[in-house]
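S.K.: Residue strings, one per chain:
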Amino acid sequence: MRSRRFPQAALPAAALLLLATLSACGNVRPEANYPDPDQERLYRYGSVLGEEGFTLFGPRRGNANEEATGIGVNSYLWRASLDTLSFMPITSADPFGGVVLTDWFSPPETPDERFKVNLYILDRQLRADGLKVSVFKQARAPGGEWQDAGVNEGTARQLEDTILTRARQMRIAQTAAQ
Amino acid sequence: MRRVLLVTTAAAALGVFSAPASAQLTVKLGGIVNFEAGFWDSDVEGETGREFRNATEVHVNADGKADNGLLYGVRIEVDSFNDAPSMGTSLNYDEANLYVAGNWGRIELGDQDGASDQLVVYSPLIGLGQVDGDYAYFLGSLAGVTVYAPDSGDSTKATYLTPTLAGFRAGISYAPETNGGDSVVRNEPTDGSYSDWIEAGVNYSGEFSGFTVALGASYTQAEGNDLVDGDPPVTTAGEDFRAWQMGAQLGYGGFAVGGSYVDMEDLALKNSWNAGISYATGPLGLGVSYYSHEGEAGVEDLDLIALGVAYTLAPGLVVQADYHKYEFSDGGDEGDIVIFSTVVAF
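As you go down the protein sequences, you meet chains F and P in turn. Under this note's numbering, the first sequence has 97 at position 97, and the numbering climbs by one with no breaks. Here this note's numbering runs 178 ahead of the position in the second sequence, where the first position is 1.
Any given hint could be a false lead.
As the list claims (entries may be wrong) - Using C-beta positions, here's what the derived DEER-type ranges look like:
hint, chain 1, residue 1, chain 2, residue 2, range
1, P, I285, F, N118, 21 to 31 Å
2, F, S106, P, A344, 49 to 59 Å
3, F, L56, P, V516, 32 to 42 Å
4, F, Q125, P, T324, 34 to 44 Å
5, P, G432, F, P35, 12 to 22 Å
6, P, Y315, F, R127, 27 to 37 Å
7, F, A32, P, E385, 36 to 46 Å
8, F, R127, P, Y430, 22 to 32 Å
9, P, V435, F, Q125, 48 to 58 Å
Unchecked claim - Here's a subset of chain F near chain P, in silico, CB distances under 10 Å, partners left out:
hint, residue
10, R41
11, Y43
12, L49
13, L56
14, I90
15, V135
Stated by the list, open to error - Going by beta-carbon spacing under 8 Å, a handful of chain F positions derived as facing chain P:
hint, residue
16, Y34
17, L42
18, S106
If you are wondering where the hints come from, they were derived from the structure by calculation, not from laboratory data. All C-beta atoms in this analysis are idealised placements derived from N, C-alpha and C, irrespective of residue type, glycine included.
Isolated chain P (complex conformation):
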């Protein structure tokens, strides 16, 4: 009898202690497949003018909550974006980071966009993303065009984000080296690369009698590794720089209007700005936005206007299209592109 009691007590104890530990962690699987068909016309000789593009992402998120309220978990993104042409069918991990959070804020460690990228506010976008869309995959001369201040991308970094206080959030990130987000250690600088990235941002979002307001400001800086001395410099990359970005967005009903300005005085690309308007009603979304930048030392001024439409056929099934028209200054490249896309997200 005593033995039976002992066994049941042990079993009960086991049950009691194991239950809360296993019940709290949620692991979620998600992903998208985005099929794009691009048709374009540019001044670049020898381009095909049409191509299909497939973009795939798989997300695994694990989120836990400890008994004392501590939030913790991991975010892993696996995608086909970072592929070199020689291995175009493989999947690499893109972002992967762990976090610990609470009412005191959130610490993110790993490969993830920095605080400036996470907190920035810019033109409202629909579907493929107009001025922040996928045109650069098809048009080589628009590679590198972005509505963001220059940042370290997914380089391995540490980030602190404050909790939301009266609509305000702030954050700061540090990445020692630009490594594109992988497990390789950069133990010596390469010419034209950047070190000691600091990215910070603050934003505000609020709602006043039907109007939504979002304001954001961010700051990035890095030290350049201009290793080859020369006059004039061998590369325009690799100089120390500071950059900042300010943006605002106002929404009412289905309408949103906004834009942002990026100042990069220390770089060849001096400044850029974007502005746009979007409208969403039921399953339909429409957006138009404009992007412009000014540069020197080989970086030509650019004007880019983009129109977008998105229609949600069913939850997670969207058909969307973007049209872009761009023109570089001084008789440089000009052209236009239309991209049709079908996305399934699960």
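For reference, chain F alone in the conformation it holds in the complex:
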């Protein structure tokens, strides 16, 4: 006894209509995220192996949002740092630890002062507290030898702001290109 009481075509049609209505809601962008309620429930109290679980092979999922670039820190902050510090000679740049050390540099207009910058990128994410800049300054004493001198407190912060702005510009440019 297989009666056909229900108009089966009506349901998919209703679903498509709903989808069309939702799509028409202005500038709502669809998000390609599809949570799995079963697995979320099983792992809601975490995993012995941390947030990520155990990856047999392939890039870990946490890196996926910043794309796999082969470097250990945020790629936008890294490139923005090198770009911003390009006027100074760089002695060491470690993309895995996120450390950039410059050599001493005297601006041509003040040959009696010289600067050195240590820069650390602390996070994989593009965020303001993911960057730490230290600026050192030395001045030439009357005898000709270099002596440590105080740096204006705002200098390091200004440099950080410049790098963050540059990183943001790069991020926006790349997102727009996609």
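Starting from the known structure of chain F, arrange chain P on it as the hints suggest.
M.R.: Chain P only, in chain F's frame:
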């Protein structure tokens, strides 16, 4: 010199073309072992009243992203749940499906819960799951009690899910036959089984000044295979049916409150509803929920109240307990059960 150049060019070409293909696929291994100790008291004669239960699952997920943004992968769940008593130590695959997804939505093919199950919203639960918990493994008279609308389970099916649009998601599934999720082909109906499952659902989740809101509605239908004619019918199973479910959940801080109603007018189990409240603070979670159903033709009305607690000792190590008290109408079976559980998830 030319030969050297040729070789290096070939090697470079190989490197360039093979690198992106291998770099994009991530294969993850995970799983849980859940040890449960149940102690119960019921009116059923001859029951032991205590037993341990071990539930094991192993998950293998492979996820890839093509250069054009297409997401694809497989989900494989291997578990000990589906075992017949005679082979209680073997592992069978439970859910296994592949998917292809993008901004246009997601298509899932294989053995997986349908769209109504995936999108449903019901009472908030903690730890073992209170009214959606593991009591039915210990108490035979509560077998089949569920907070969901009747669905095809893990029967082999095709599902389409929309992407999330302004908090809304929708989906629809089709399963030709009820096959419990295996590779066997049901080439003829059996009495009391169901065919042509259609499961659909839509849900919404949003957040307004600290409050989280989740709303869900789902619909399922199937054609029954009532092959043995008789008056009255030989079985109550096997009739065509339609069912729907509506649910809501509201959260604020660590609190969540919600419930759902399931309407199954065409079945012997007429309707059910559940409601509950949960509270989570740091490693501790507490939940209480209530379930009730009404039936006819041999299905007795049931009231079930459940309390649950869960404490996360370390990431992936949880101790939890549930207490259930149930009562069937008209002097039917009544009793209670407490289940202690330790889970390690990796």
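S.K.: Next, verify each hint and record whether it holds.
M.R.: The hints, checked one at a time:
1. I285(P) with N118(F): 21 to 31 Å: Violated, at about 51 Å.
2. S106(F) with A344(P): 49 to 59 Å: holds (57 Å)
3. L56(F) with V516(P): 32 to 42 Å: 38 Å Cβ-Cβ, so the 32 to 42 Å window holds.
4. Q125(F) with T324(P): 34 to 44 Å: Taking Cβ atoms as reference, Q125(F) and T324(P) lie about 41 Å apart, which means the hint holds.
5. G432(P) with P35(F): 12 to 22 Å: holds (21 Å)
6. Y315(P) with R127(F): 27 to 37 Å: violated (47 Å)
7. A32(F) with E385(P): 36 to 46 Å: violated (20 Å)
8. R127(F) with Y430(P): 22 to 32 Å: For Y430(P) against R127(F), whose Cβ atoms are near 27 Å apart, the range 22 to 32 Å holds.
9. V435(P) with Q125(F): 48 to 58 Å: violated (34 Å)
10. R41: Holds. Min distance 8 Å.
11. Y43: Nearest chain P Cβ about 6 Å off; hint holds.
12. L49: holds (5 Å)
13. L56: Cβ of L56(F) sits 4 Å from chain P, so the hint holds.
14. I90: Interface hint status for I90(F): violated (28 Å vs cutoff 10 Å).
15. V135: Given a least distance of 38 Å, the restraint on V135(F) is violated.
16. Y34: Because about 5 Å separates Y34(F) from the closest Cβ in chain P, which is inside the 8 Å limit, the hint holds.
17. L42: Nearest chain P Cβ about 6 Å off; hint holds.
18. S106: The hint is violated - S106(F) has no Cβ within 8 Å of chain P, the shortest such distance being about 43 Å.
Going down the numbered hints, you'll see the structure goes against 1, 6, 7, 9, 14, 15, 18, while the others check out.
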